[in-house]
Amino acid sequence: MRHSQGSALLLAALLLPGALWPVHARQAASQQAPPVIRSQITLVPIDVRVVGRDGLPVTDLTERDFTILEDGVPQEIRHFSSRPFTADAAAAAAAPPFRQSIQDDAAAPNRRVVLIVLGRGRHQAVSKYVDGLSRFVTGQLLPQDHVALMAWNRATDFTTDHAAIAAILARYREQHEKIESDLRSWFSGLRAVYASREIPPRIQARVDAVFDDAPELRPRALTPSASSDAGARAVAARVAADEIVRDEIAQAAEGGMLRDMRAEILAALSGMSFEEYVAQAPHILQDIGSLHAAIDYLRYLEGEKHLLFLTENGIDIPLLSGNQGLARIASDARIAVDIVQTGGVASAPPPRVVHSAQATRTVMQPAPSFAAVANQGFSVRDLRMIADVSGGHMMAFKTSAEAFTGIGNAMAFQYLLAYAPSRSAVDGRFRTIEIRTTRPGLNVQYRRGYFASPRIVPLDRRDFVTAGRMRAAAQYGDRIDHIKVDIDEAKPSGDGRTLDIVLKLNVARMSFTEAAGIRTASLDVSLYAVNSGRGRVGESLSRVDLRMTGDAYQRALKDGARVALRLPITAGPRQLKVVVYDYGADLLGTAVRRFGS
284 MRHSQGSALL LAALLLPGAL WPVHARQAAS QQAPPVIRSQ ITLVPIDVRV VGRDGLPVTD
344 LTERDFTILE DGVPQEIRHF SSRPFTADAA AAAAAPPFRQ SIQDDAAAPN RRVVLIVLGR
404 GRHQAVSKYV DGLSRFVTGQ LLPQDHVALM AWNRATDFTT DHAAIAAILA RYREQHEKIE
464 SDLRSWFSGL RAVYASREIP PRIQARVDAV FDDAPELRPR ALTPSASSDA GARAVAARVA
524 ADEIVRDEIA QAAEGGMLRD MRAEILAALS GMSFEEYVAQ APHILQDIGS LHAAIDYLRY
584 LEGEKHLLFL TENGIDIPLL SGNQGLARIA SDARIAVDIV QTGGVASAPP PRVVHSAQAT
644 RTVMQPAPSF AAVANQGFSV RDLRMIADVS GGHMMAFKTS AEAFTGIGNA MAFQYLLAYA
704 PSRSAVDGRF RTIEIRTTRP GLNVQYRRGY FASPRIVPLD RRDFVTAGRM RAAAQYGDRI
764 DHIKVDIDEA KPSGDGRTLD IVLKLNVARM SFTEAAGIRT ASLDVSLYAV NSGRGRVGES
824 LSRVDLRMTG DAYQRALKDG ARVALRLPIT AGPRQLKVVV YDYGADLLGT AVRRFGS
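All residue numbers for the sequence shown refer to my numbering, where the first residue is 284 and numbers rise by one.
Keep in mind that a hint or two might mislead.
Said to hold, decoys possible - The calculated DSBU-like cross-link candidates involving lysine-lysine, where the alpha carbons are at most 35 Å apart (straight line), are:
| no. | residue 1 | residue 2 |
| --- | --- | --- |
| 1 | Lys681 | Lys767 |
| 2 | Lys860 | Lys767 |
| 3 | Lys461 | Lys681 |
| 4 | Lys461 | Lys411 |
| 5 | Lys411 | Lys681 |
| 6 | Lys860 | Lys841 |
| 7 | Lys787 | Lys860 |
| 8 | Lys841 | Lys774 |
| 9 | Lys774 | Lys860 |
| 10 | Lys774 | Lys787 |
| 11 | Lys767 | Lys787 |
| 12 | Lys841 | Lys767 |
| 13 | Lys461 | Lys767 |
Claimed, not checked - Restraint-style ranges between C-beta atoms, simulated for each label pair:
| no. | residue 1 | residue 2 | range |
| --- | --- | --- | --- |
| 14 | Pro426 | Gly355 | 37 to 47 Å |
| 15 | Arg366 | Gly338 | 18 to 28 Å |
| 16 | Asp465 | Gln837 | 36 to 46 Å |
| 17 | Val875 | Gly422 | 40 to 50 Å |
These are computed hints drawn from the structure, not numbers from a lab. The model shown is predicted, which means the values in this text are computed figures rather than measured ones. We put the CB at the ideal spot given by N, CA and C, even for glycine.
Model the full assembly from the supplied sequences, consistent with the hints where possible.
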């Protein structure tokens, strides 16, 4: 965003804070951008959790017990400290742990930040993982620990009111298996491959009902977020589904159709029917998107950060690539991904009906196929890789009590190490970290690397959060309607150098403050204009204040609020995208206008 505050904000969003400590820093200010800290010398902090063979944290290690290597090169430890996390009821009333400024992480507060992500699938069943999670929240987290919950396409605020989170989990326990069954039925067949990913209103109403009794946690639509390879994953999943159904058609023809060797091999490797594959792939892609959104959610928080992910069968889709990129992003953001696999061991598939020209028959398989067992092995390995790279713990084929007790024990004590990299080049590459201990037989968990990028970090909390939310919305392909946005008008000026735009905004869910009879809402608005080659011909970021009297506010509730904007352009656009963000309500809205044929 040339000549605007937007460039600093988007750059700050892309360069994740928290991966490096600034030391001997200087502050720079300008009229166009908020104050920033530019680090001249950096320390790389590493949160280390060590567990013994008995599953309990090891608390008596010293600096001499650790060796750090970066890309295989030994590094000098410049900081060492250890800390037990202990209950502090007085700290439970503290404000949410957003970063207000750059601070010494060694003095970070005595609390953990835990974001629970309930992946798609069934998590209660026989082993009662939802009950175990509820006991973890109310019994193992400390009073001052902040926790938030994400499920389906909804997320809550962070809170120290653990009972409120447990109440949502109780409703989730009662409703989620029926909701999951309905979602699997809805997103099946060709609809799963080609239709919209939006949850239908009748099912969405039941999802919302799980969260509705906790208004103080502001449950709201999840801000979508996508990995850099999200589009490629979706295309690959569609191609794989096409090949599997092609092989099934050839088999049903029973000699009347030439077999396609590529389709036959892909179908055999997947070990799934077309229905099974297209039912699984969209749900897993949604879980991957949720995890990226969760990392964005946690990115700007301070303290010991954990992303606790429950997954029935993992997020590794047969025939598609793994999730190393996700693991590295979490590692760079100092977020430990703790994973609980709730689906147990692979079992025999349910009976399925096979139709042919001669007859319809039911096919039963008494044991899981070799492909199903192999795919589960690959999936568990992928989950373990994510946990290991990010410094978290992976719990597979465990009871709920074993899984959550193990994670809770590992979170109870932390070592904090830091080093100044011997190679200071800023090249954007992922630098691998290895920690060795002198004591054998220990399970040592730590982030396995970071991206060697310059850090430009705004000191303003709003800019932190706004940059991440708007970047995610700009990359998201579908419409976001937390705030309903319509483009009433978008036309080039007479000289063709600007685009005159009028937006209509639904104000019903916006966050207004009131003083002297005037209601005010502050919005951030991004405009992106692209040409036919997808090149940008104009973009801007502006902050818009809506100020209304009581009567004007009532009219806006009925008819919407109109905002006029002007976007400088370098050529005629083929498409305009608008992103509106209300920081006070933490809600987004997007709209797209296409020009010409």
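Here's how the hints hold up against the structure:
1. Lys681 - Lys767: It is violated: about 44 Å lies between the C-alpha atoms, which goes past 35 Å.
2. Lys860 - Lys767: holds (14 Å)
3. Lys461 - Lys681: Within the cut-off at roughly 24 Å; holds.
4. Lys461 - Lys411: holds (16 Å)
5. Lys411 - Lys681: holds (11 Å)
6. Lys860 - Lys841: Satisfied, since the Cα-Cα distance of roughly 25 Å is no more than 35 Å.
7. Lys787 - Lys860: holds (14 Å)
8. Lys841 - Lys774: holds (26 Å)
9. Lys774 - Lys860: OK: Lys774 and Lys860 at ~14 Å, within 35 Å.
10. Lys774 - Lys787: holds (15 Å)
11. Lys767 - Lys787: Judged against 35 Å, a Cα distance of about 8 Å means the pair holds.
12. Lys841 - Lys767: Holds - the C-alpha atoms of Lys767 and Lys841 are around 13 Å apart, at most 35 Å.
13. Lys461 - Lys767: holds (30 Å)
14. Pro426 - Gly355: 37 to 47 Å: Once the Cβ atoms are compared, 43 Å apart, the range 37 to 47 Å for Gly355 and Pro426 holds.
15. Arg366 - Gly338: 18 to 28 Å: Since the Cβ atoms of Arg366 and Gly338 sit about 20 Å apart, the hinted range of 18 to 28 Å holds.
16. Asp465 - Gln837: 36 to 46 Å: holds (39 Å)
17. Val875 - Gly422: 40 to 50 Å: holds (47 Å)
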